[in-house]
Structures are given as structure tokens and as C-alpha cells.
Amino acid sequence: MLKPANKCQRFLLLAFFLAGVCGCRPVLPPSQTALGWDYSELPTAYDPETLYHYINGKARVYLDYGFVRLDHAQFASPDGKAVIDVDVYDMGAPEGAFGIYSLERGEELPLHYKRRLGYMNGPARFFWKGRHYVTITSPISSAETIQAIHSLSAYVENSIRGEPGILSILTAFPEENKVPESEQYFATDFLGHEFMGAGFTASYIELGGRFKLFLSPKDSPAQARQAFDKLRQALSEGGKLLGEEQGIGQAAFLAQDDYLGNWLVSLNDKHLVGSVGFQDLPAASSALLRLCRNLSP
Amino acid sequence: MSEKTHERHEQISRRGFLRTGAAGLGAALVSGPLSRSLSGAEDAARKASPPTETRVLGRTNLNVTVIGFGTYGFSNPGVLQKAIESGINLIETDRTYGNDQAEKAIGEVLKKLQRDKVILGTGWGVSPGVTKSQLLESLDASLKRLQTDYVDLLRAFMVDDPKVLEISEQFEAFETAKKAGKARFYGVSSHGGNQLDVFNAAADSGKFDFVMGRYNFMEQANGEAFVKKLAEKKIGFIAFKTRAGNRQREVEELQKSGLSVRAAAAKWALQNPSVTSILAPIQSFEDIEEYLRAAREKLTADEQRLLQRYAEIFDSEYCRNCGTCQSHCPYGVAIADVMRYCMYFKYYDTQAEARRLYAELPPQARPVVCHTCPGHCVAHCPHGLRVRQNLQEAERLLG
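Chains as they are written, first to last, in the working numbering: chain E, 363 to 659; chain V, 591 to 989.
Bound conformation, chain V alone (with noise of 0.2 Å):
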């Protein structure tokens, strides 16, 4: 029992359980969880559960757990004290999330843990007129949050242009800081429409050891390729956004199958070799237990149909918002506005702001004469979409 447990009992035994009267359950503190210390409950719990698989991180060597902690908006520190006793290994943060919180929780955790049981990552901002000691004041305030000496894994936090990878502070920064011992390796955050010219440029600038990005079943053939380019130049590849997209709705129907999509799509995501880990945005032990349960399983023939059924529902509907349609009707039809509106009706459980935004366009600008047009949006839509059966159903609904 450590000190500071033992501490705890016997305050508690003192000051509350005597005091109230409730000797025995005073005497059932003593014998309590607590009085385990943390490396035996973290034991225990490897122990109960098969080991989760590593795979290694391209050059960096890093055996890292396919699955890995996203932190940010999590409750319970214990979430995430849990989610480590139970073996997986990579945390990943930003000071960005949370307003700092993230890297605070983390800092908390990480305390009464083995520091070097995990491999722990963070970012910096790099913009166009970062100095190098900019960035280096940055790292220490992330190191001070997250109370410890040094991160494994430091990146370039959201870029969305490849010209960000060209500013040579940030590399300056980063050798020394590694030099002090604070960094170990290097990469860069991208997940924007821009993902795969940072990619490419990462990968072809030599200058990354690791890349993390948007990686789903949605974006099949753009992932696989860039995916395998990282590969052979042994970048180190972390997948975020595996599950595309947020039709709650759809998933919620989908499930009642009994099969879940974020599992599924984990599963997915993890068939790849060349995806060394997963960011699960884990909030509940309950997500712990279904990510850790699907990187032990292989994806299956109903699951593959699930996502593909996700997927077909996903791409028919989905209004990019493009406005294609918008400049060829006739009709003045504000029609990103509405698919929106229906959007936020159908999928989203706000379906009084949906009609509330739907009251305040004009009402020329509504899809009442759309049963009576021939569909000039549906002729020029790149995407596909029925457009004019969209907005007739956006009538029905929010009109």
C-alpha cells in the first residue's frame, strides 16, 4: 500500500466512518480496492484481458498499441488511468484541447504511472512567422502541464498547407529540444481537404518520422495510396477519424443489428499494416473495453456490409455543399440552405432549430415549386445527389 493510500484510508476510517458510526464499513476500507497499490491493480488488469497488439511506428521503432488514446473531453481521469492498466500504451494530446485541460488531466495520471510505460505525444502550432524559441516556450509549458521531462512523439498540430512543412524554425526547435532530452521524434497533424499534399510533402522531405490523418472506409482509395507511399519511406502512420462522419441517426439504425460502427470501423482502419494505431476518442470504460475487444478481432463478412451500407447512405445524401446546384435553378431555391436544415433535422436531434432556420428564409427561397420543376439541380449536381427529392422531403419535413 503506498503512503498516500494508506493516508487516505486511515483519514477516512478517522475523521468519516468512526465519526458516523459505520464502524464496519471502516473496517471494509482497510481491506478496500485502494489498499492495492497501482502497479498491482494495473497488473491485475493486464492480467484479466490478452495483451493488445503493438505494431511499430515506421522509423521510430516505437512499439506502439494499435489502439491510441484521443484526450480530448474526457470526464473522468480515471477513463484514462484505466485505459493504460489495461495496456494501451499511446496518448495523444494537443495544449490546444481543452484549453489546456487535456494536457493537465494527462499530467495527473501520468504521476502515479510508470512514465515510461507510455508513449506520449503532443503538439505545437507552426504558422507562417513562428520563432524558434516561440516553439520551444510552447514545449516546456506542454511538459510542465503534462508533468514530465519530455514527450516521445511532437508534431506540427492541424496543418493544412504543405507550405507550413517548409518553415525551418520548427526543425531547429525540435533538434534541440531533443538534444535537452525533451522531444524524441518528429512529425506532423493534418485532416483537412488539403491532407494528402501535406502528406506527400511531409513524405517527400525526409524531415518526418511520423504522420497522423484522416483514415476511413469512406476515403478508401486517396488512404490506401498515401498510406502505402509513408510506408515505404518508414513513416510512421496514426489514424484518426476512422468512423467518417457523425449521422448519429444512421448509426443509431444501422446498430440495431447488434453490431457497432466505430467498432467496425476500427476493425478497418486496423486491417491495413502500414496503420500503426488508431486514435480512439475515448470517453467511457466502456469505450475502452469495445476498441481494445475490436483490435482483437478481425473484421467480419456483416461488419463489412455494415460499413458498406453506412458508406452507400453516407454518399447518396451527402451535400457537399459545393453550390453547383444553387447556380442552375431557376427558382432562386436557397438550396445548401435547406439540404442543411434537413440535414440538422434528420440526423442531428435538433429539429426545432431546423424548422426555426427553415421559417426564417424567405419564401421564394423555400422548395415549394420544386414538385413542378423538371430538376435543373439534379442535371448539374457533381456529386450525384437527388437533389430535387432532398429538398421536396426538406418540404415535408421542416415546411
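Chain E with its partners taken away, still in its complex shape (with noise of 0.2 Å):
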């Protein structure tokens, strides 16, 4: 059974939650957010060299995606037969914090929770605005458990600044044969590669199947050329390459490996830009001409 909070640790919490509010962090929900729920874990924090501690070796991923701090309490219901876990990531930039959340929630969860921010999972639910990351998770799944997640996500949501949205670059993948909400960031080893750095993919229907629209941002054309170069001499090494492409970007080529199946890739200014695992070439290459033109300034 676990203990609720003592009137010491109530005082302690008063103050917490003052300090949050003054300052500019978004604050966990005090005790009682949820009617009879009480801290189980007084707040904690966690920086980059204690993450560790709180999610062993996923911490490593969540650094790479820029991550400064974690806010932690843990609520035990009226009964204390049931608990609540409140995580508040920093991720420090809006696309860490979208990427961890793409990452995590795969496609095919349902977004049963539409009217608000992210999805839930069971007796889960998953979210980001602005810069921060937020789960609410507890291993029991009961009517009062998936209310008490919807009071302290409704606070978290509302304590966290800034409007909720999209990243103004994910405007670029073509809306025609999108699967909704697919889109996804990966902060490091793009597409399983050490030299493509940080990327965006999103999905599509085609007949039969589905391929990924990918999208890297570089910093300069030349980073850009560089990273195509790259990626034409990896896929010829480990796959095949089939020739050069024409009309879409300054350049493009078509290739094929192993893993992914079938590659178009082009150099759009200072944007590498794909089409991978794709059947039907010219779908694949519609879509790709279609996040070119989105591209274009």
C-alpha cells in the first residue's frame, strides 16, 4: 500500500508549486488534481548524466534528441492500488520533442484523444507542446485511472506555454495519400546512416502497400551535394544503383538495397529528399516532385 504525502511534504510541494509558477518551467500537477489522488513520489528532476537512473538506456536516444530535464512525480489513487506516472521532458527544441513523441507512438496507435493534444494507449497518454514531451502512464487500466490521466494531462497541457501546433517544416510533405499523423523526426543516423544526420519521414498509400517520403535538412547546399554523394555511394556499396534521374531536384538517382527495397533520391537546394520502399515508381516520384515544389521558397 503506499503512503500518501505527510503535511511536511505537503508544505514542500506548496512550495514547489509556487516556484513553478513563478518561473518558467511548466509545473507537475500539485496533489489532488485528480480528486483522492495524492503524491506517491514527491517531484524529481533529472538532468542529462541522471537520466539514466529513471530510463536506463533509452536515455541515451532521448539525449541525442536534445533532452535538458525531466520533471517526474508518481500519484497513488484513494485506495493506493493503483498509480499514476507524470513525465515532463525538455527536450530544449520543439523537434525533440516531436521526435521522441513520433518515435514512440509508431502509426498505427488510434488518436482516440483528438480534441487534445497527442494519444492514448491503453491507460497511457502521450503528448508534446512546444518544447516539451509528456507521458502519463499507469499499469492499471480502470475507469478512475483513465480519468485521473485526463485531469493531470489537462493540467500539464495547460501549464505548458506556448501554442499547441506542428513543425512549420512537416507543411512540406504533400497532403495527397498521406497517412495521417505518420510523419516522424529521427535526430541522429537517418535512415540507418551516421553521415545523414537528423531527418523527417512521412508515409503513403500506394496500391499494395505503403513507402516513406523522407526529407534532411542540411545547413548549406554543399552539406547537401555532400550527403547526397554519401548516400549514392553507401546504396551502391550495400545495394544496387540504377541510374540517374531526371526532372526532379538539381539531381536525382534511383537504387535499391536489401533492407528498404527501391530508392529515388534527389538534391533539392539545401534539402536531401526521398522516396523509399515504394512499388510503383510514379507514385513514388509524384510525391517527391509534389515535396520539391512544397520546398521551394
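Just so you know, not all the hints are guaranteed correct.
Here are some chain E residues pointing at chain V (derived, C-beta under 10 Å) [stated by the list, open to error]: (1) E411; (2) Y414; (3) K420; (4) E519; (5) S521; (6) R523; (7) G554; (8) E556; (9) D619; (10) Y621.
FYI, nobody ran anything at the bench for these hints, they're computed from the structure.
Using N, Cα and C, we set each Cβ at its ideal position, and we do this for glycine too.
Work from the hints to combine the two standalone chains into their complex.
Below you can see the structure in the form of C-alpha cells.
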């Protein structure tokens, strides 16, 4: 049985709460935000050095995405039999928050919670807002737990400053045939290659399957050209280069490997873009052309 | 050529290249890489490089490769496939990795390959109050995502309290799963401050076939002792966090010598024959090559010096946030906060954020008076850190 916080702890929590209100950080919900649910673990902060203690090996990936700070608290139900963990990750920038959110969500999880941010997956809610990624999770699924999760989520969501929304770069992905909410951001080793750095993907429906459009922004056209050349080299060594393509960006090539299948890769000013995993080349080309058009100034 | 591959060639040739008039490319596809079967690709990859060393995982008698695949955060399932084709046979995951996503990605790859070529592990969450049926449901859900009938290694995930090892429901559930052919061996993973207590309890209980935990050159003394004890009890040990910490800038600086800190750290861990395998955070094709090369080579004197240098830097500057200095500061400087913001600035490429956080501190909490102070903080630091010097540096960088 989990013990609720005592009076001294409540005083400290009040101080913590007031400090949070006065500062810029989103505040963790105070005790009783969900009626009857009290702290079973007092608010704790983790930094880049100590994050390992809380989320184990996942910490390495969170650090790659720009992790700055985690604020954690745990709430216990009135009977002490259920707990809810509230975790607010400051990822340093919206890309990092969206990146971890999209990495953990996957494509097929239903968006049950569309009127608010993010999604529910069992007794757990996940969302990102501004530079924060928020997870509110419980091992116990019950009506009371779900209701408490909603109350705690609403509190955290409202406490994070800024407007919810999508990253502006994601609007470059054309809407036609796109799998809703399928955009993802990878901070490193994009598409399995270190030299690719960071990049975005979105899934598209084609006859009999899906393929992905990808977009890897670079700081300059020269950097984009360098990544383009390296990817062509890697695919020619690890797969097969099938030839050059005309009319897509400044340069384009077609390749194939054993892992992701068919690749159509293009250089578009400061962006390395492409279609991968497709079976229908015209559909993939058409989607890629639209992506290039959307990226044009 | 598999039927699926053949069908894909047909489809792309018919709907794709011929329609766009690239007939020559269509011809190239027929003899392209996909015309090889996956097992052919696997054989080719194995022939291209020497076999990876395997070691016996304690009393399980499983032969596992010294490099295992840690499965959180990889963006291309092809990286996992390539790792298996290159000879890595240990894949470790957990349902919490990416909110089920890691298990699903593994399942997609495994269904293309021979399941029995891989030693697959996952975890379930054991906590007070958990029931046998909840644990078995968790395992069934993992197996469904992994698209397999069984896991070789099942473990209590992220245990930080030795008392968790006394929860009998986990053993009852494991025995049921074992009889049903869903799990072969049982273990525990831990990584936090209580790792030693957890592993000692696991070794003494006699109920665990293997353990997974933190092991690196920074914590050599403690590490050697518990790994030795586990080996004496024939409990297999899989190591993770072999590269202590994440000092990116320090690593970049040290690696200008052309040596790799993570490769050196991997070699250091594998020097101990009682370490069966290390879980490598593999995210790219380049990572596979680097770790497999590390597994084949011995730690050199230069790499040993590299690790020593890393350890010295890390140890002399690593504030554990114990707060002892804070309580002895007569001026009320927010020492722990300042040290942390300085760390953000120096090591994590978040300079603007570090300055913003520093600017939020009340003026009296900033280390502006430290140059006139004899350094009560230094005198009381139990870890011998140069606290005053570090605070003055922080003021220079952040102020």
C-alpha cells in the first residue's frame, strides 16, 4: 500500500508548486489535481547525467534528441492500489519533443484523443507541446485511472506555455495519399546512416502497400550535396545503383537495397529528399515532386 | 528468388520503369540485389567478415555473440537485419522501448529470417501487487508484437529494489510460460544505484539464469566483484552502459586522436571473460561495423590511455549533486544548479538554454562572490571536486 504525502511533504510541494508558477517551467500537477489522488513519489528532476537512472538505456536516445530536464512525480489512487506516473521531458526544442513523441508513437496507434493533444494507448497518454514531451502512464487500466489521467494531462497541457501545433517543416510533406499523423523525426543516424544526420519521414499509401517520403535538411547546399553523394555511394556498395533520374531537383538517382527496397533520392537546394520502399515508381516520383515543390521558396 | 521478391520486381518493372520509359533500368532490376534470397545475402555477409566471437551465457548454455543488439531508437529496420546477417545473434528489447515500437520493428525483421538463428530477449515489469495473469498477458502481447512463439531470455525489467526479486508471482508466471514453450530462461536487469544489491540478491536466490546490468571502466572495482560472483554461480552476465556517461564534447576532443571511445569501452568490457556479451546501442550500418571490429580486436595501450584520460576528466569534474557543498556555502550560492547549467553549456551543446537557466537564478544565488571566498565548498566536497574553480568558470561562461 502506498502512503500519501504527509503535512511536511505537502508544504514542500506547495513551495515547489509556487516556484514553478513563478518560473518558466511547466509545473507538475499538485496533489489532488485528480480528486483523491495524492503524491506517492514527490516531484523529482533528472538532468542529462541522471536520466539513465530513470529510463535506462533509452536515455542515450533522449540525449540525442536534445534532452535538457525531466520532471517526474507519481500519484497514488485513494485506495493506494493504482499509481500514475507523470513525466514532463524538456527536450530543448520542438523538434526534439516531436521527435521522441513520433518515435514512440509509431503509425498505427489510434488517435483516440483528438480533441486534445496526442493520443491514448491503454491507460497512458502521450503528447508534445512546444519543447516538452509528456507521458502520463499507469500499469492499471480502470475507469477511475483513465479519468485521473485525463485530469492530470489537462493540467500539464495548460501549464506548458505556447501554442500547440506542428513543426512548420512538416507542412512540406504533401497531403495527398499521406497516412495521417505518420510524420516522424530522427535526430541522428537517419535511415541507418551516420552521415545522414537528422531527418523527417512521412508514410504514403500506394496500391498494395506503403512507402515513405523523407526529408533531411542541411545547413547549406554544399552539405546537402555531400550527403547526397555519400548516400549514393553507400547504396551502390550495399545495394545497387540503377541510374540517374531527370526532372527531380538538381540531381536524382534510383537505387535498390535489400533492406528498404527501392530508393528514389533527390538533391533539392539545402535538402536531401527522397522516396523509399515504394513499388509504384510513378506514384513515388509524383509525391517526391510535390515535396520538392513545397520546399521551394 | 522468393515469390515476394519476384512479385515486387514484376510490379516495379511493369508499373514503374516501363511506364516511365526507363526500360534499361527495368532490366537492371531483374538482376538487382533483390534477386538474391535473404539467406543468400546472409551467407554473403558472413563470408565477407570473420565470425563474431561467441560466449556461453552461464547455465543457459546458450552461445551468444559478444556483441548484442540494443533495440531502442533505430530508424531503419534494415540495420537490425544487417546486424543479424553480419553474425550478431543476441537481440534484447522490452515493450517499453518506444511504446511497443521496438518489439514491432523486430517482429517485422524476424519474420524474414530464421527465428532459431537469433537469441531473443524481452522483459516484463515486476512490481508489488502484480499478478501472474498480468505478467503472462504482458508476455503474450510481446510475443504477438515480436511475431514469434517464444523468447529465449525473459527478464524482470529495470529492477532497482532487491525486494522485487522476492515477488513469487514472477516465478510462477515464468514456470507457466516455460512449460508452454513461450520462454526459456529467466533473468533480471538493473542499472541504478542499487544494482549491486539487486545482483547480489539475484545470485543468492538461485532463481535467475542471467542478469543484465551496467558495467564499464569507470566503475571497475565494483564491477569486477559482482561479475566474478555471478560467474562463480554460473549466472550469465550481459553488460550495458559500457561507455560511461555521455560527455559528447570530451569524447569528440579525445577522438581527435583517431581512436573511438565507444569501441575502446567495448573492448575493455569484453576483456573480462565473465562478461558474456555487451549490448551495443546500434543505430546505423556504420555502428555494426565498428562494434564487430571492436569485438575482434584487443584493447591497445593507446586505447587504455584514452579511457584513463576520459575517466580522469569525468571523475574530476563529475558533480553527483549530493548537495554537501550547498549546505556549507555562507553566501547561499545555488551550487548544484550552477554546476548543472555549466555542464549543459560545456558538454551538451545547449549553450543558449544553459545561459537562460542561469539568468533565471536570483542574483545572490550566482557565484559572483566566489573569488573572495576561501572555498568552504571545496573543503567539504566528499568527492574532492574543484568546486570553487568550477563555479568561477561557470560565472565566466554563463554570466
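I'd like to know which numbered hints this structure contradicts. Please list them from smallest to largest.
Going through the list in order, the structure violates hints 4, 5, 6 and respects the others.
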